[in-house]
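When you get a sec, could you build the whole thing from the sequences and use the hints?
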Amino acid sequence: QPLAGGQAAELQSKVVPSKQILHSDNMEMEPETMETKSVTDYFSKLHMGSLVYSCTGKRK
Amino acid sequence: RMEASCLELALEGERLCKAGDCRAGVSFFEAAVQVGTEDLRTLSAIYSQLGNAYFYLQEYAKALEYHHHDLTLARTIGDQLGEAKASGNLGNTLKVLGNFEEAIVCCQRHLDISRELNDKVGEARALYNLGNVYHSKGKNVANAGTHDPGDLPDDVKNALQKAAKYYEENLSIVTELGDRAAQGRAFGNLGNTHYLLGNFRSAVLAHEQRLLIAKEFGDRSAERRAYSNLGNAYIFLGEFETAAEYYRRTLQLARQLKDRAVEAQACYSLGNTYTLLQDYERAIDYHLKHLVIAQELHDKIGEGRACWSLGNAYTALGNHDQAIHFAERHLEISREVGDRSGELTARLNLSDLQMVLGLSYSTNNSMMAESHAVENSLNGGRPRGRRYSMENMELMKLTPEKVPNWN
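Sequences listed follow chains R and X, in order.
First residue of the first sequence? That's 2 in our numbering, and the numbers climb one at a time after it.
First residue of the second sequence? That's 7 in our numbering, and the numbers climb one at a time after it.
Mixed in with the good hints there might be a few duds.
To be verified - Beta-carbon label-pair distances, calculated as ranges:
no., chain 1, residue 1, chain 2, residue 2, range
1, X, Gln328, R, Thr37, 48 to 56 Å
2, R, Gln8, X, Gln64, 47 to 55 Å
3, X, Glu222, R, Gln8, 50 to 58 Å
By construction, these hints were calculated from the structure, which means they are not laboratory data.
In this text the structure is predicted, and so the values were computed from the model without any measurement.
Glycine is no exception: its CB is placed at the ideal position from the N, C-alpha and C atoms.
Put into structure tokens, the structure is as follows:
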């Protein structure tokens with residue numbers, strides 16, 4: 002019995018929580034940013050083709 | 007006629023992606039590609055958006071393919087801005103796929119062209135991307151071994167220091183441009199980089215800035231992220247009470263946002279923090295909450311961790327019956343998921359507990375024999391000290407960022 006008691010105390014003292022757990026896979030990153038293109042991007046700049054203008058014109 | 011229909015399909019794809027329905031958007035873009043167009047700029051824009059849609063859908067191989075088409079096309083038509091954008095997108099995709107060296111080349115190209123064109127916005131975005139690639143590269147190598155933040159091999163340290171440098175360069179430009187959202191992103195990732203480097207005070211400063219900006223925008227997800235990251239940094243500063251306070255805010259927001267996986271993670275962090283504070287009743291309370299959600303989400307890895315943590319906390323309280331119960335469940339789950347070192351940990355915990363209780367129970371005889379067999383296979387034969395900690399448990403390796411923490 003006393004032996005078991007001593008072992009229990011030893012066992013309790015071994016309960017060392019690990020900081021490693023917290024950092025292992027729990028870091029929260031910000032989102033990536035992707036560059037965007039649009040089919041209407043450059044029509045507005047220069048290429049006012051009559052064909053596409055009819056399409057995009059509706060959306061402006 | 008043909009042209010118009012390609013354009014119409016692409017416009018509908020754009021509309022759907024903007025509305026957040028990438029899956030449907032992809033169908034329209036794919037249809038637009040099928041119809042085809044003589045206009046290479048239109049085609050380039052379609053490829054680019056297909057690449058991004060697949061990126062958001064986490065289908066990276068396809069994202070890579072389309073961003074590559076876009077890059078080739080942009081070069082063919084001599085569209086420098088288009089080439090810069092395609093390079094950046096390709097770099098981001100390569101990063102997620104773990105191909106860091108090529109990712110760096112692409113992101114650097116994005117940066118060089120932006121500078122040539124005197125495009126400050128593009129330059130800043132390229133710097134942020136480069137920071138992200140170096141951060142991932144560092145974290146990836148660091149994950150291969152187990153060590154606390156700050157205790158790093160040289161190659162890891164170099165990559166992380168480069169990441170910090172790029173984030174800081176990005177910050178100086180976006181501050182000049184007055185782009186608060188971009189500042190928020192850079193502060194968050196800079197904070198995480200400092201954290202990995204072991205500069206916990208700097209990490210706190212950066213995450214506090216991130217928090218401020220998140221509140222400015224009313225961005226509760228970003229606010230929650232900042233709380234969680236602040237909690238992590240305070241753990242390593244040894245300020246457990248402060249860490250607990252931040253994790254409690256994380257938990258509160260996770261519940262408001264109805265994000266069960268994040269709620270589980272917050273409970274788990276709180277359980278560990280209260281263990282560090284030696285408040286085992288509270289630790290158990292949170293680990294049980296974590297366990298319930300892990301089961302609900304069919305997250306076996308999380309469930310195993312919860313059982314391991316609960317076994318530990320009950321051991322600390324001297325509640326050996328419950329400790330054995332959870333150690334046994336930990337053993338079961340480790341077997342189920344094929345986690346050999348988890349299995350070994352559970353066996354050693356069980357044998358320790360049994361010795362304390364002076365028990366020998368049904369599985370005991372075979373258990374000890376098997377335990378040595380597992381141990382030998384793991385450690386090349388030499389049994390080590392008793393009671394393994396989580397450090398020795400080979401948990402499932404998660405890929406960087408893109409995989410939610412809770413899968």
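Check your understanding: Do the Cβ positions of Glu222 (chain X) and Gln8 (chain R) conform to the proposed distance bound of 50 to 58 Å?
Key -> 56 Å, holds
Point to revise | Outcome of range test on Cβ distance (Gln328 (chain X), Thr37 (chain R); 48 to 56 Å) | key: Distance hint for Gln328 (chain X), Thr37 (chain R) holds at roughly 54 Å.
Exercise for review: With 47 to 55 Å as the target window, see if Gln8 (chain R) and Gln64 (chain X) comply at their CB atoms.
Suggested key: For Gln64 (chain X) against Gln8 (chain R), whose Cβ atoms are near 49 Å apart, the range 47 to 55 Å holds.
The structure is consistent with each of the numbered hints, conforming to all of them.
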